[in-house]
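**Q** Chain by chain, the residues:
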Amino acid sequence: MELTVNKPLAGTFGWLQVGGKRIDLQEEIHRQSCVLSPGETRTLLLEDQGASEYEITLGEGARLNLVQLRGASGKSLSYNNVRVTCADRAFFGWYRIVTGGSETYDNCSVTLEGRESTFEANVCYRLAGSEKYDLNCEAIHEGKRTQSAISASGVLSDKAFKLMRGTIDFRTGCSGSVGNESEDVLLLSEEVRNQSVPVILCSEEDVVGNHGASVGRPDEGLLFYMETRGIDEETACEMLAQAKLDSVIGRIPDPLIRENVREKVRENIREKTPEHGREKTPELDRDTAFQAAPEGE
Amino acid sequence: MAQDLLKAEHLAASVEDAEILRDVSLRIGRGETHVIMGPNGAGKSTLAGVLMGNPAYTVTGGSALWEGEDLLAMSPSERAKKGLFLSFQNPVEVPGISLENFVRSALSQKTGKPVRIWSFRKEVKAALETLDMDESYAERDLNVGFSGGEKKKAEILQLLLLKPALAILDETDSGLDVDAVRTVSKGIEAFQADKSASLLIITHNAAILSALKVDAVHILAGGKIVAEGGPELIEKITKEGFAAYEEDTQ
Amino acid sequence: MKENKTYVEEGDRSFYDFRYDDKDSYKVASGLTPDIIRQISREKKDPDWMLEFRLRSLDIFTKIAMPDWGPSIEGLNMDNIVTYVRPNTERMHTDWNDVPEDIKNTFERLGIPQSERESLAGVGAQYDSELVYHNVRKEVAEQGVIYTDIESALRGEYADMIRSHFMKLVPPEDHKFAALHGAVWSGGSFVYVPPGADVEIPLQSYFRLNAPGAGQFEHTLIIVDKGARLHFIEGCSAPKYNVANLHAGCVELFVGENATLRYSTIENWSKNMYNLNTKRAKVEKGGKIEWVSGSFGSHVSYLYPMSILAGKGARCEFTGVTFAGAGQNLDTGCKVVHNAPETSSYVNTRSISKSGGISTFRSAVVVGSKAHGSKSSVSCESLMLDSESRSDTIPAMDIRTNKADVGHEAKIGRISDEAVFYLMSRGLSEEEAKALIVSGFAENVSKELPLEYAVEMNNLIRIEMKGAIG
Chain A
1 MELTVNKPLA GTFGWLQVGG KRIDLQEEIH RQSCVLSPGE TRTLLLEDQG
51 ASEYEITLGE GARLNLVQLR GASGKSLSYN NVRVTCADRA FFGWYRIVTG
101 GSETYDNCSV TLEGRESTFE ANVCYRLAGS EKYDLNCEAI HEGKRTQSAI
151 SASGVLSDKA FKLMRGTIDF RTGCSGSVGN ESEDVLLLSE EVRNQSVPVI
201 LCSEEDVVGN HGASVGRPDE GLLFYMETRG IDEETACEML AQAKLDSVIG
251 RIPDPLIREN VREKVRENIR EKTPEHGREK TPELDRDTAF QAAPEGE
Chain B
1001 MAQDLLKAEH LAASVEDAEI LRDVSLRIGR GETHVIMGPN GAGKSTLAGV
1051 LMGNPAYTVT GGSALWEGED LLAMSPSERA KKGLFLSFQN PVEVPGISLE
1101 NFVRSALSQK TGKPVRIWSF RKEVKAALET LDMDESYAER DLNVGFSGGE
1151 KKKAEILQLL LLKPALAILD ETDSGLDVDA VRTVSKGIEA FQADKSASLL
1201 IITHNAAILS ALKVDAVHIL AGGKIVAEGG PELIEKITKE GFAAYEEDTQ
Chain C
2001 MKENKTYVEE GDRSFYDFRY DDKDSYKVAS GLTPDIIRQI SREKKDPDWM
2051 LEFRLRSLDI FTKIAMPDWG PSIEGLNMDN IVTYVRPNTE RMHTDWNDVP
2101 EDIKNTFERL GIPQSERESL AGVGAQYDSE LVYHNVRKEV AEQGVIYTDI
2151 ESALRGEYAD MIRSHFMKLV PPEDHKFAAL HGAVWSGGSF VYVPPGADVE
2201 IPLQSYFRLN APGAGQFEHT LIIVDKGARL HFIEGCSAPK YNVANLHAGC
2251 VELFVGENAT LRYSTIENWS KNMYNLNTKR AKVEKGGKIE WVSGSFGSHV
2301 SYLYPMSILA GKGARCEFTG VTFAGAGQNL DTGCKVVHNA PETSSYVNTR
2351 SISKSGGIST FRSAVVVGSK AHGSKSSVSC ESLMLDSESR SDTIPAMDIR
2401 TNKADVGHEA KIGRISDEAV FYLMSRGLSE EEAKALIVSG FAENVSKELP
2451 LEYAVEMNNL IRIEMKGAIG
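Protein chains in written order, with the working numbering: chain A, 1 to 297; chain B, 1001 to 1250; chain C, 2001 to 2470.
Chain A with its partners taken away, still in its complex shape:
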């Protein structure tokens, strides 16, 4: 089945080819809806299933933390579409960790209908080989004093491709709202391709919107500093990549799920890293170091 996915709220120059993407799905879309009653709090951990659509409704004051993992061991194409509506003071936290997979299409569109509702997106990816990641993330501010924070960071190596469209849409009437978007991409190979389209749409005067992005190699001063302490460039980049994943994982509020995710991500990375690469960076793995030094010293 062919369908167009990840079409952003506002298009731009056609030659950039950053509008919606046509994909060919080989399987049924797994559809699920989820309603949280007023005041309910939940953290959910989902792993990509191939093609999924989630319709999420959060009642007054409800809080949902959705943790989604995508690794190289999953299906070659993953299509994931999350649509969320937030009532007054509801909170939606999206923790999206992509450590591999040949093609990943993510759409996360959150409508902040209710007053003082909040959307927080923490996206992190680590892509290598010829892996492709295409993301469309939208925060639609309708209610008064709503807040959104979209933060994405990641590392691309080999011939990896990533496209991120992030949109903060301030609709008329959403006075007192604040939207922030930040992106930080490390490029570790000459053949990677990174596309970023950070959009702010605004038809309300009383709002504050910010966007910042930085794309490129790790800062030279930082690399030199690390080198003077004996950490070569390759290891330094690896450490910085791991730090990005750690920082998103560290923000997952539920400690059990957080550790579970840490474990899974570690496995995913280990599966991906070639043998020689693993030997070069043993110290990256906290527990390896931990196990190598049994207690009792």
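Hint data in this document are derived by calculation from the structure and do not stem from the laboratory. Keep in mind that this is a model prediction, so the values were computed, not measured. Treat the hints with care, since some could be wrong.
Here are the simulated SDA-like pairs of lysine to any residue, each with C-alpha atoms no more than 20 Å apart in a straight line [claimed, not checked]: (1) C:K2312 <-> C:G2373; (2) A:K159 <-> C:I2060; (3) C:K2063 <-> A:K132; (4) A:K7 <-> C:P2067; (5) B:K1239 <-> B:S1210; (6) B:K1113 <-> A:G14; (7) B:K1151 <-> B:E1078; (8) A:K159 <-> A:K144; (9) B:K1236 <-> B:T1203; (10) A:K132 <-> C:G2368; (11) C:K2375 <-> B:L1065; (12) C:K2403 <-> A:D158; (13) B:K1163 <-> B:R1030; (14) C:K2375 <-> B:E1016; (15) A:K159 <-> C:K2312; (16) B:K1110 <-> A:C237; (17) B:K1113 <-> B:V1144; (18) A:K21 <-> A:P8; (19) C:K2403 <-> A:S157; (20) B:K1081 <-> A:E234; (21) C:K2044 <-> C:S2186; (22) B:K1081 <-> B:L1065; (23) A:K144 <-> C:G2413; (24) C:K2403 <-> A:E191.
We have chain A; now place chains B and C onto it with these hints.
**A** The following block gives chains B and C in isolation, referenced to the frame of chain A:
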């Protein structure tokens, strides 16, 4: 005589086509503490950068050997692995990596082995105590949000944990208040406790040197070593300043 | 997005009257045909290659679709495009009384004398501006600089140079209005600055644009040869008043090795205008293009000057301000393509939306795989003056090498009440306070302009801000 740890001869270097370092020769043996003093703009930091391999500087002449090997041909990380350390004047922030993890990675890179975590933690704790630093610094992202003084202390902390053969301290005392200078000085003394540890202290202020054993003093002005001597030179500079040497180079 | 068609200012009605003047000798019932193109070409005494070029462009024009991503241009009647192409210039609003009130008032507020107002509005005699133009030309000619109208250059000494550059940067295939331009272009300037020449006085095209028939589909071709410098100023801050409401000009700038070109525009088309202009610069090794762009007029604008950094170390600086008031949908920004090592681009823009106006900042930065060691920094700030207005920021980055640093910053917000209060506490009225704050906000552009233009731009802001408070 035992082989020198570092032997630099007639070093010259430039930054963006401006010649900063004209002629510097230095020999530092194991366990020795050398001091480089000189007025602002003399080329002191350039010398430190050149020895550590900062790509901002271009070596235009001379040589530098590390235990007989060509130091200038090595990458900064190779120099670090050999045992050279530079304490930065303005260390960069390392977001996402805690001070402890950073140093542990550096150590395991140096030794090629994983670091034994419990004994390492103990060492970190002891070093933090020496430097009057709160234990929480170990968990904080390295240098992120640190004040100037905290950054300097974090550099000395790394010095104590990495235990290099030769540490270059580039103006580690600048911008610090009296108490902080005393603390940093305590850290340096702790490093000197290892009799084979060598130091190259770059400063224009004698305060930090008062408690330290100094073997040799070199005065750098206009990119050249213009005078050399023992600890007595420090006193002379404190009294008379650099004026006499600056005239020499003009 | 919004229905732009509904935004028609009261003054606009009178324009229709001009357009359907019975005495218009070139009135054609509908669309463009090859015959019309041949006729235009014959009258202009085009060389053969130009006729062929026009016909090919027409063919492309009929085949390309309208852009589907920007502001609506439904209000533009494409079937009647031929009436825009052939206005009978002799009869263009020859009567000052026909000039809409808002434009007259603007002249008044800008403090422009009556005689000049008539000239600026295109209704007066041309001799004033022609005279100035000729004087400028004489001065720069002594440096070997060629500054002439492009049509006579096409038949003169520089014919070959024009042929080898004309619409090579902006080919008619680029988009629908580039194709239209290729088919019907008319008038414009040609500037050639020989190697090493440093032109001190800015050349100003507005004198040329007032020439009969120019200003609609004008073509500007500037070649700055190795090591030379030029500042070219397009337009003027008084409203440009035209019968027809489509402007599809084209600007092609060739910046040679180590040459510098500054191209400044303060655009204030009348508020019925569809401004679908295409501007592009190609910069060779060590060269630099500096765009200074103020967009105040027009009903709808699509304007994204593009810089192609083709040689090692080529640089681009883009400084822009856009002010969208009632009935305006101004979609402006820039495009930069880094195609060589160590190139750099620096983009700094401000936009202001007021009284229902829509301003969109749209950009594209492409860093190709050959652009090792390149840097790009884009920063845009938007100011919303009320909640009827709209302000969108749509930047895009496409990076194909890791050996580059690309940064982007965008901010959107309102005038701080505290700042207004502070200024009012020092004796300014609320209106003055806000106008002052907006002028300060637009300072990125005004400080880059020659003094007289900066003053006029600030006057324009003050005029736009008038009546902002009920």
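**Q** Between the alpha carbons of A:K144 and C:G2413, is the straight-line distance 20 Å or under?
**A** holds, 16 Å
**Q** Straight-line Cα separation of A:K159 and C:I2060 no greater than 20 Å?
**A** violated, 36 Å
**Q** Could you grab the alpha-carbon distance between C:K2403 and A:S157 and see if it respects the 20 Å cut-off?
**A** Roughly 13 Å separates the two Cα atoms, so the pair holds.
**Q** Can the restraint linking B:K1151 and B:E1078 be considered satisfied, given a maximum Cα separation of 20 Å?
**A** Not satisfied, since the Cα-Cα distance of roughly 24 Å exceeds 20 Å.
**Q** Would the pair B:K1081 and A:E234 pass a check requiring their Cα atoms to be no farther apart than 20 Å?
**A** Within the cut-off at roughly 15 Å; holds.
**Q** Do the alpha carbons of C:K2375 and B:L1065 lie within 20 Å of each other, as the hint requires?
**A** violated, 37 Å
**Q** Can the restraint linking A:K132 and C:G2368 be considered satisfied, given a maximum Cα separation of 20 Å?
**A** Measuring from Cα to Cα gives roughly 19 Å; hence the hint holds.
**Q** Is the Cα-Cα distance between B:K1163 and B:R1030 20 Å or less?
**A** Holds - the C-alpha atoms of B:R1030 and B:K1163 are around 13 Å apart, at most 20 Å.
**Q** Are the Cα atoms of B:K1110 and A:C237 separated by 20 Å or less?
**A** holds, 17 Å
**Q** If you draw a straight line from the CA of A:K159 to the CA of A:K144, is it 20 Å or shorter?
**A** violated, 43 Å
**Q** Below or equal to 20 Å on CA atoms is what counts here, so check B:K1236 against B:T1203.
**A** Within the cut-off at roughly 15 Å; holds.
**Q** Between the alpha carbons of B:K1113 and A:G14, is the straight-line distance 20 Å or under?
**A** violated, 53 Å
Of the hints listed earlier, those the structure fails to meet are numbers 2, 3, 6, 7, 8, 11, 15 and 17, in rising order.
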